[in-house]
Structures are given as structure tokens and as C-alpha cells.
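**Student:** With chain P's structure known, arrange chain B on it following the hints.
In order, the protein sequence lines correspond to chains P and B. Going by this note's numbering, 508 is the number at position 238 of the first sequence; the sequence numbering is gapless. Going by this note's numbering, 480 is the number at position 210 of the second sequence; the sequence numbering is gapless.
Treat the hints with caution; some may be incorrect.
Any copy will do: because identical chains look the same in the list, a pair fits if it lies in one copy or spans two.
Okay, derived cross-link-like pairs now, SDA-like style, lysine to any residue, Cα gap no bigger than 25 Å in a straight line [stated by the list, open to error]:
| id | residue 1 | residue 2 |
| --- | --- | --- |
| 1 | K342 | L553 |
| 2 | K441 | K824 |
| 3 | K568 | I420 |
| 4 | K844 | M580 |
| 5 | K294 | S575 |
| 6 | K865 | I430 |
| 7 | K568 | E592 |
| 8 | K667 | Q646 |
| 9 | K459 | G661 |
| 10 | K764 | D434 |
| 11 | K750 | V529 |
If you are wondering where the hints come from, they were derived from the structure by calculation, not from laboratory data.
There are 2 protein chains.
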Amino acid sequence: MASTTAHKLAKSQKEISVSEFFEKNRQILGFDSPVKSLIMGIKEGVDNSLDACEEAQILPDIVVSIDRVDQKEYRVMIEDNGPGIVSTSMPNVFGRLLYGSRFHAVRQSRGQQGIGISATIMFGQITTGKAATARSKVEGAEAAKEIDIIIDTKKNAPVILREDFVPWNEKAHGTRVEFYMNGRYVTGKQSVIEYLRQTAIVNPHATLTFIDPDGKRFIFGRATEQMPPLAKEIKPHPDGIELGTLMNMIKVTKEKSLVKFLQNDFNRISERVAKEICNASGLPETTKPSNLSLDSSKQLLEGISKVKIMAPQVDCLSPIGESLIRKGLKHVLADVKPEFYAPPVSREPKVHTGNPFLVEVGIVYGGDLPSDQQVQILRFANRVPLLYQQGACVVTKAIENTDWRRYGLEQRGGSGIPFGPAIILVHVASTKIPFTSEAKEAIASVPIIQEEISLALKACGRSLKTHLNKKERKTKTRSKFEIVQVIIPLMAEKTAKIVGKPVPDLRGTLTKIMNVVWIDDSVTYDKGRHRVKVLVYNYTPKQQRFRIHTVLPKGSLDMASCNLKPLEIKEEEKVTWELPRIPSTAMYEVSFDLKGMDPEAFSETEVFVSGINPVDVMGADPLPGDWDLQGVNFTEVEAPAVVQAAEDDEEEPDYDESGEDLNDEQ
Amino acid sequence: MASTTAHKLAKSQKEISVSEFFEKNRQILGFDSPVKSLIMGIKEGVDNSLDACEEAQILPDIVVSIDRVDQKEYRVMIEDNGPGIVSTSMPNVFGRLLYGSRFHAVRQSRGQQGIGISATIMFGQITTGKAATARSKVEGAEAAKEIDIIIDTKKNAPVILREDFVPWNEKAHGTRVEFYMNGRYVTGKQSVIEYLRQTAIVNPHATLTFIDPDGKRFIFGRATEQMPPLAKEIKPHPDGIELGTLMNMIKVTKEKSLVKFLQNDFNRISERVAKEICNASGLPETTKPSNLSLDSSKQLLEGISKVKIMAPQVDCLSPIGESLIRKGLKHVLADVKPEFYAPPVSREPKVHTGNPFLVEVGIVYGGDLPSDQQVQILRFANRVPLLYQQGACVVTKAIENTDWRRYGLEQRGGSGIPFGPAIILVHVASTKIPFTSEAKEAIASVPIIQEEISLALKACGRSLKTHLNKKERKTKTRSKFEIVQVIIPLMAEKTAKIVGKPVPDLRGTLTKIMNVVWIDDSVTYDKGRHRVKVLVYNYTPKQQRFRIHTVLPKGSLDMASCNLKPLEIKEEEKVTWELPRIPSTAMYEVSFDLKGMDPEAFSETEVFVSGINPVDVMGADPLPGDWDLQGVNFTEVEAPAVVQAAEDDEEEPDYDESGEDLNDEQ
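Chain P extracted, bound-state conformation (with noise of 0.2 Å):
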């Protein structure tokens, strides 16, 4: 029995081609539902478009149609003006899967796999029994070269049925490639206009034209004629690369010695480190690579992981950016007017198996947003938005890993998705995207990324807790204020009139009862400015003098404008102004403009204090240590006092604490 059963096993094993591997398992690449299926085939079209423009430096202008031909059948057309593919090349571009430019090298793309298009034309194939047309033109082609493709999904080949050189007189290259698929049009947050719309937020160097079924026309248009820097192709980071990989290098190196094949073969390896990587390797700069035996490449990896590496260059990257991710969200979000734009935080490049990479996160908070929902989660990876598979990223883990009870938003036992009304935009920028299958739709969990998005997480979490604090504290001295403004004034009038005499100046009274400096801040924006401006009310029974601190975008303040000139700046940034005396019961403002920003880049400003017992003061926290004060000495500036309630009141009285008399003056 056993024996036949192997006998019978071997008879039934043979190859499985990968066409014909995908065609049954359809869903790994994506297309697992008819809605999904006509945004994947869509999205391989447009990130192809996006990928060659940004090659060829054009900026891309896309066109994306959607022809209904019957009750599941559409027509979907996707055309650029990027650089053309040459006619040889055309089959195997489309009509082979596991094929392309992109997958050898190590620089940040879209594409990365060589499967997409082709596999859109197949389950194109599949699903209507309809051949893909392709046409393409070069730079200086006198005509395009037009295709009708099929796969041959057995063998994994390109059947052409027809080819043509047809006129294409409206462009001058470009490409554009036809299939028919069977899917479901729809509309809403898993689409595909939305796909389209997040794809144009970060990518606003592009137009993309869409027209849907119905010949409505959708145009995302260009916000910067600047295209993205041309993200840089480099050799493989030795960080945390793998002993087989390192052994294929080793195998297929032209340098003749160790020390020239580190040196050459590898990103951010110079002479020197090269060297130090030989010596702590314990194996002679002069060994020839190809007779490094399995020990010896062994040892050369240990080496490598003792040898401080610099990280690598950021400009194989291609981040978003801090401004154009507040853009990106501000234009998702022109409706829900958030109360707060968290600074987007973008981190250092670091290394996955060889590969860089690096992490930028954003957070925005109120407004009109949900708060009795999860956040929303918004998730980029090479500037492509990701709209499924949510659960299976690591950007969701990273954020049901972080306890966002500390940075002010509800999670029930301080782990899983939080809830309150906010948006966390995430994206990952890396040479080789691990995605957990071909359909790219969630990166893997590598351990090192989901370390970085959870720094990036809680750095922006830090900015979100401080507004929330402070939004906190203002609400509770405010009301404690008011209470106090409003009754106090009410029971001395009411008293006033029953015993018959003058309602008494409360002030002292109020002074008393509050005992605190109380500093209110708050940001404008009109014309180009912010305009800043604290408050800062004595409401002690003694006059005070004391310094206020606060960070300011770099380079952004005006110094025309501030009522008050700063004692010190310090890195472009840390402001201190050294405040006049206030009388007790008096106010005092210092106000500035800064300049050259977004509205959207400034919303809040934090002011520190020093120089006066931090109990004393609300609204304000005292100045934190690693703020380095050596440099300012407490001189005695005379600063003119731009007091307001206290005006006309040269001698201020110093109200005592014992008396527990109503105010003596008047």
C-alpha cells in the first residue's frame, strides 16, 4: 500500500507553472472579490505609469477609464506619457509574470515584484476570455507599437495575437494598455477614485484623469511642477544581510580582494571600515573572495556585525515629507476641520536585511473627526496608499502595540486600535518593501520596521498629549477663573446693596482667592502670518518677574514684529524673553508673527517658564533641564512695561497673605 501510494504520488508530481500557480491562487495577488479586482488591476497599471515617469523625470500625466460592458464586465484603459516601452520588450512586459527591471535593483520603487501587470492581464484573461491591448512609443518613434496579448498560463508566455505600428500623432511617448476584466464598480472608501484620490495626496507632482462608467470626468490635478528627487540606486547596506545573500555576492564579485570587494560591492563601506571589517573578520585584506569556504564567509559576517556601519543615505529614499504629508492630510481632511495637526515626524533611514528604509508618521486629531469610533488608519508604502489588508500590517501592529492611554485617546486595555477622533497617517519608504504577499497590500512584520514605526508613533503620540494636556488645563483654569470672575463680583454687589454701601474693587480679593500667574497663549493665522500671542496675568498679591521660553519652527520669527525683544535665541529655535515686573492684578502680552509657513504647519505654541516657582503658575510648564540655560544670565533688562490693567498704578500694593479683611483700597 505504502509503495503504490509513492509510486502514484511520483506519476502526479510535476512542475507547476507560475502562471498557473496565480491563476489558482487569484486571491494571493489580490483579486479575491470583484470590487478588489478592478482597483488591483487599476492600481498595477497607474503604479507602472508612476515608476517610469519618475525614471524618465516626466511629470506623469495618467488617464484612467472604466468602461461598463455588461453587468460584470468592464473595459479599463490606463494611459501615460512616460518613456514607452521598447516593442521587443512589450510581451514579456505584459504578458509574462516574474519579469521586469525593477526587481534586481536596490532603490525605492513601486513596482518591485514583475508581476502585476502581467497578472492583471491574466485574471483579465480569465475572468472575460478577452486578449489586453498594449500600444507604447519611444522618444522619436515615428509610430507606436500596438499589441493584442494573451498568457499562455501552462508555459507562463506572451501569446501575441496581433501587432501593428499604428499612429499615436497626440504623444510624443507614452504608454497605454487596455483589458477587460470582470469586477464591480463602486464608489466610497475602498475604491477606486479613492485609491486614486490618496494616490494624488502623495504623489502631487502627477495629474491623473479618471473617467468612471458613467463618463463622468475626475481630474486630480498637479500641485508642483517639482518631481520627487529621483530616489538613487545603491549597493546592498551590509546591515543585517544574510549569509546566503552575502556567499551570492562573494560568488559573483569581480574584485579580486576582500578589502576592494567590501569596499565596492557595498553601500557606506569605505576603505577604513572595509579594513576594521577584515580585522575584527580575523582574515587577510588580500584574501581572494571567491576562496572565502562557508567558516571564513561566516566569520566575514560576524565581522561585518562588529564594525560600526554608518547608516545609509537617505537619498536612496524617497520620503513624503513633513510639509506634503500636513498637505495630504489637510486636503483628506477640508471638511472635519481638525482642532490639531500633530508635527509629522519622519525618522532616520535604518537597514532591513540590507535594505533601507525609513518612517514617517502623522497624527491629526478633533474637529468633526468620530470620537466614539477607532481611529482612522491611513497607510502609505512607496508613496502608493494601501487600502486593504489592514489587519495584516505592520503598521497596525505597531499602532495596536503602542498604549495610546498615555497619549490621550481611549484603548481599552492599552493595547489594540484606539478609539477617539483621530487619523494616524503612516508611511513606509524602503528599497525593497516586504509585503506579506504579491497582492502588496500589507507590509510583513519585520521585527526592526515595526520598532521604528512604534518610535515615530509615540513621538507624534507626545505632540498629540501635550495639546490634549494643555486643552485640558486651559478648559479647567478657565472655568476656575470664570467661577470665580463671575460669583465673587455677584455676592459683593448683592452684600453692597443690602447693607447699603459702594460695591468694593475686588481685584486684591480675586487675587487672593487665586494666587497664580496664569498664562494664556494662543496662535492666529491671517495673510501669510502666525501671529502668537501670550497673556501672562498676575493674579498674585505680589508683583513678579520672570522669563518665558518657547520652541519656534526654525527661522520662522519675525523679529519687526515681537512687542518684546528676546533676551535670547538660541539653535534658530528656543526663544527666551525675559518679562518687565507685573504689578499684582496686572496683565502683561508679548506678541510676534512668524513667517514663511503653511497655516496648517503652526496651530500651538508651548511656552515654558523659569525664574519663578513653578506652583505659582498655570498654563505653563516649567522649563524642562535639557533646555541649556548656561549662556543666559538673569540680567536686569529694562524692558518697557506694556502693562495694561495696572496702568495707573505706579506702586503696586503687595497685597499681604494673613488678612482675611475684603480689599482696604478705594
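**Tutor:** For chain B alone, kept in the frame of chain P given last:
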């Protein structure tokens, strides 16, 4: 610029071998962290062993061992007593990705892709640089064939470094694979031992031995000598078949007429149905399949969708079964002593894109399960536990989209993973599991599969709710009784003491206050028998006479054990008793045994009443309308009046409802 880019791109475009692809995208295969890699490798080996044994109908005896080589490197060995692999097939089975025997078959099996074991060997080779060793012996062979093998990833082809015939006398047949791999060995929720434990749960016919890196030996012994029925290989089922697949089948069929093609190349199409389909498609029965154009193929697909076709036979699937699900859960839960096992739900087979599948669900509640955490989810696909990617799985989605508040679990907003002391087990069995990636960690969100899981969850959820309702009602009833029965007598005693009179008999008074028939049932298990007791307390001022009903597992009732003979038993499971007259303040007990069931197969009865006004009853619902009572007449059966409290009380005092006075007896 554009033209040079096109040519530059053309030059760099090349074919990518499937091994090269996975070498760079190992996370897609599940090798994305050291802990997971080790589990994945073992899983691929054990899955293959279980499949091979099942095909040869051999009771599996599988040994897994892990040795620590150094801090990062492990040596893994997996050995089985399966049918063995014919020696000529060995290089491709272990050294080529996308090669296998199960890919083209429509039958339930663990491995379906032809990737797993060769990918494991490749990953081992990448991380350690070392070859794998495979040994196999088929029945009747004198010696085993042993090879040392690596994979040429550029070519996706095996490279044999050594081959030998070696004696393997202790095995009549079997296969052993050994590989080295970088990884990290841990214990806990996601670990090798947990994977093996869950595998043992759903494969009780297997003996799994595990030797951990410290040499500690764990044995999961077989619980049954009975092989699971061999899942039959079937033809594709016509439901949901795609046009492309249909056209491929048309291309390769040997049949000469459409009607024969339909009848012989598909599952569940009889001659009659085949004729109906031809008719519905408007195509002559005699059409030669090879003559079908694209349009007629579409017509045929239309026709298929119009004709009702039987669901696939269940015998191409190998469900776990209700009893095993119960046992499995009990096994997992030995320590936590859950209060309730909802009867597992097994759905009828359905079809997704031509592949039959079925869903099984079990729920466990209470005991020491933590009540302040999310419920635990146990996912299985074709009897393989899924430990990772819970968030990406259709099982999780179905659970999240079920409103568990209806079934007594806590869930914010009625969606998301619910909270509570519960475990939800879901098994999906199919001739083709649509995994989200080659790592086979999560099932894709195919709508019909999600729907089936939802229905099963709801059915199981209803049992849970019934249990929780009953528990709550019992608790409430009990506490009301306790209060009345403790406080009133205390008051009476006190009052009697004060007024210097004897304590009155309060039964009548209590009865007046309660004015209810209380039904309290319980189930205990001892020595192979379940003992059910139904206690009926008459706390009304009148005598009562009515029927009680319950539903028991088919054929389980031991008639000899009944203290009161049932009035009627319908469908072997619906049992009705006619109770004797129960005097006011008296109690009557109905008790009986159930036999032949596992202890965990039955944990509570649901009792219904008829012949009494339901508002007078606590602890039992009125008989539902769909319980057909037409056969039962209210006959005046003279049942023995085994009445306890009222034994000496022939003429029961029918307390009137008007008086305010204390009981006048005594």
C-alpha cells in the same frame, strides 16, 4: 531623455526565477522573523508527512527534533513513517519551488502549492549556507536513498551534492528531512510546541513526538486508531467557475459532445442536469466542445448559472467533526474548566470558484477564561492550525462583523473582536483553501466563505445566548427565592419572639409572595452517564398539573433510568413528560440518565412547559410553536406522586389570595 530611459529599462528587464523571487521576498513565505521561521519550517515538513500518511492510509508517527548549533543556528529534523518518496522524484520535491502532486487535484489536503518544503530548504540555505539532507525509503526497498541538496535559486533547480543508498532497517518506509536554519526557539502562544499541540488536537490519529533543543521529549500520543476518511478527489464543481477555467477545460476535454463534457468533466452534473444546461444555454447537446467560441462559452457559463446544481458531496472534504471539536477544545482547556461548551456547528458544503468547502465552529464560555480580554480565536484550515496573521483572515473578519452583543459578549459598537471569557474555534475545510499568501497563514476574504463562517458563528452564538439567558434567569430567580426564604422566616421569628407566640408555618405566606412555579434543572456526569434532574417547585397557592418537554441528543435517553416514564418521544430526541398533580408548596423531581456520550458532549438541558400559563413559571420557557404537539393529547395519566415536601399532605391547602393574615395552620 524619455527614449534613453526606455532603452535603459529594456536592457535591465529580465526574467526572475521563482526561487529568486522568494529569496528576496521570504516574508511572503512566512520567514519574516527568527521565531516564525523555525515554526514555518517545521510546519511545512509536518504538513507533508501528515498528507503523505493520509494518502497511504498509514497511522502517522512523526518525530520532530530541534538542535541548537549556535546562538542563531538550529538543526531541524522531521521524520515520518509515510509511504516514502520514489528516489528519482526526491531532487525536485525538495529542491524545486512550484513542484508537487497536490496542486492539480481537487481534493482536500494540507499542502496544495508545491512550495513549502523546498522553500524551507532554500531559506535554511540562505541563512546558514548549509545543504539539507533528505532520506526516503519506499516499501519493499532494501535501503533508503539519501541526498544532500541545495537549490540553485537563479535557476530554481536542485543541486545534489551527495547521493547514497543507506540502510534504514528500523523503518519499513518513511521519509526524513534535516535542515539547518537561523531562527529563535521560544515557547508560548506562538511556538513550535503550540503548533504541534494544536495539530495534535485536530489530528487525533497521529502520534507526534517532539524533542526540544534541550533534549526534552514531548509526546502527543494518538487518541484514536481510526484514520480520518480519505478525502476523495473530485471533478471541479460548476458553481462559481470562471470563464477562463471553463475555456481551459473545453480545450483539454476528451469528450466529443457538450452534454458528455458537462456530465463527465464536472462534479454533480447528471445527464438530466447536463441536458438542462444545454437547453438553458441555447446550445445543442451535440455541440463539439472544441467548436465553442468565446461567445458560446459565455452562453454556456450563463446556462450553468441558471440551472440548480446539487451541492458537492461531503466526502471530498474531511471535516473535524462535532465530537472532535468538543474533544479538541476540552483538551486545550483542561485547566480553565469552562462552564459551557456550545454544541459545535458544522455547515453543509458550499462551493467557491468550483471548489467545495465547509465551515465548522465551536464556542466555549466561562470558567477561568479571562473576562476582561478579547475572546481567543482558534483558526484551522484543512486540519492545520493557523498561528499567524489573525488580522488578515476571513475568520477574524467574520467574527468582527458579527454583533456579539446579541449573543451575550461585550463588543463596543457591535463590531470588532468581542471581549469576554470565551474561545471561538473555526475550521475551514476545502479542496482549495484561498490563502492570502504562500505562507498559508490566513484565508482570503472570499465573500461566500465569510458568509458561511458568519452563519455558523451566529448559530453557535445563539446556543451561547440561550445558556447565558438561562444562567441570568436562574441567578435572578435564585436570589429572589433566597431573599424571601431567608428574610421572611427571620422576621417571623423575631415577631414571634416579641409578641411571645410560637413561630408560624410560613409556607403559605412564602407561596403567596412568590406565586410562581420554579423549575430548576441540572446536569451531572459520572462513570459514563449524564444524570439530569429537573426540580419543579410549586410556589403557587394552587395545585398544578402540566407537561414539561426537553430536547436530548438522539438516542441518548436511558429509559430504564427515568423516574417518570415519558409521555412521548418524538424523532428520538424530543421528549415530553406529563407531570402528576403537584400540591401547593410541594416539589416534584423528574430525573433520568443519558448514556453513550463524552462528558463534554452535554452540559445543560433546556426545559419547556405546556399546559400552564407561562407567566406563572420561572426557569423554563413555554413550548415553542414549531414543536409539533399534535400527537399528544392531554390524557389523565396516573403517575406516581413522588412528592417530597407534601408527602403527608394529601389534601393540599389551596390558599386563597385575599387574606392578609398569617398562615392559620400549625
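**Student:** Take the hints in turn and mark each one as holding or not.
**Tutor:** We went through each hint and held it up to the structure:
no. : hint        : verdict
1   : K342 - L553 : between (65 Å within a copy, 22 Å between copies)
2   : K441 - K824 : neither (45 Å within a copy, 76 Å between copies)
3   : K568 - I420 : between (47 Å within a copy, 18 Å between copies)
4   : K844 - M580 : neither (30 Å within a copy, 77 Å between copies)
5   : K294 - S575 : between (42 Å within a copy, 21 Å between copies)
6   : K865 - I430 : neither (60 Å within a copy, 70 Å between copies)
7   : K568 - E592 : neither (41 Å within a copy, 52 Å between copies)
8   : K667 - Q646 : both (14 Å within a copy, 17 Å between copies)
9   : K459 - G661 : both (16 Å within a copy, 19 Å between copies)
10  : K764 - D434 : neither (96 Å within a copy, 109 Å between copies)
11  : K750 - V529 : neither (71 Å within a copy, 87 Å between copies)
Hint check: violations occur at hints 2, 4, 6, 7, 10, 11; the rest are consistent with the structure.
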